[in-house]
Amino acid sequence: EPEVTQTPSHQVTQMGQEVILRCVPISNHLYFYWYRQILGQKVEFLVSFYNNEISEKSEIFDDQFSVERPDGSNFTLKIRSTKLEDSAMYFCASRGQGGNTEAFFGQGTRLTVV
Amino acid sequence: DAKTTQPNSMESNEEEPVHLPCNHSTISGTDYIHWYRQLPSQGPEYVIHGLTSNVNNRMASLAIAEDRKSSTLILHRATLRDAAVYYCIPLEGAQKLVFGQGTRLTINP
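As given, the protein sequences belong to chains A and B, one line each in that order.
For the first sequence, the working numbering begins at 432 and goes up steadily by one.
For the second sequence, the working numbering begins at 611 and goes up steadily by one.
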């Protein structure tokens with residue numbers, strides 16, 4: 432079965448440092464997403480990416496965040512200057528085209544900002 | 611985004627059927643009804659989806675009301691591994707999935 436892979440599984444970083452979270456979506460999918468989940472809270476949408484550009488972003492996705500699909504296979508989320516409140520699980524997802532397609536999620540990266 | 615209403619929690623016994631309801635009265639005519647679940651410490655996982663007709667797959671069945679304003683996810687014989695938070699999500703085209711609070715399902719041995 433196809434799967435979305437995320438690395439690392441856990442990242443600890445100092446406040447103010449930059450982090451890059453990596454994802455390998457399913458190869459023939461067209462839509463890519465990042466979500467985050469703060470401990471004990473619901474899964475929140477961050478950003479969607481289609482045709483090599485951001486198609487939608489939430490209020491959470493401010494100037495400190497950026498996404499890239501540098502080589503046609505990886506999909507990355509960068510946080511430029513991490514804050515304590517960025518500590519969360521970050522999930523990558525990908526989908527084919529249309530409402531009739533399921534989304535596949537990675538197992539997540541647990542980001543801890545200290 | 612269509613609004614959904616699900617019970618906060620439900621409980622069932624192992625090997626018994628479970629019916630998880632969802633109201634989505636503002637669903638548009640072209641929205642598919644998707645169900646996902648999140649097992650403890652894991653990413654969300656696709657369960658099933660449908661448009662108008664009832665659907666079955668190896669994980670579950672989906673019963674969709676005739677007016678499409680509600681649906682029910684059916685786990686035919688719950689196991690301990692089915693303990694998770696279940697989300698119903700109306701979805702159209704390239705839209706993002708929007709997760710609500712979902713239903714936390716507890717399975718008793």
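Worth double-checking, as some hints may not be accurate.
[What the hints assert, rightly or not] 27 Å max Cα-Cα, derived BS3-like pairs, lysine-lysine:
1) A:Lys473 - A:Lys488
2) A:Lys473 - B:Lys679
3) B:Lys679 - A:Lys509
4) A:Lys488 - A:Lys509
5) B:Lys613 - A:Lys514
[Claimed, not checked] Okay, the calculated beta carbon distance ranges per label pair:
6) A:Ser440 - B:Leu690: 52 to 62 Å
7) B:Glu625 - A:Gln495: 40 to 50 Å
8) B:His629 - A:Asn482: 18 to 28 Å
9) B:Ala673 - A:Asp502: 40 to 50 Å
10) B:Leu690 - A:Pro433: 24 to 34 Å
11) A:Ile485 - B:Met669: 30 to 40 Å
[Claimed, not checked] Some chain B residues judged to face chain A by a derived CB distance under 7 Å, without partners named:
12) Asn623
13) Glu624
14) Gly639
15) Tyr642
16) Leu649
17) Gly653
18) Tyr656
19) Gly660
20) Ala704
21) Lys706
22) Leu707
23) Phe709
These are computed hints drawn from the structure, not numbers from a lab.
Where a beta carbon is used, it is the ideal one built from N, C-alpha and C, also for glycine.
Under the constraints set out in the numbered hints, which ones does this structure not fulfil? Of the numbered hints given earlier, those the structure breaks are 3, 5, 6, 8, 12, 13, 14, 16 and 19, listed in rising order.
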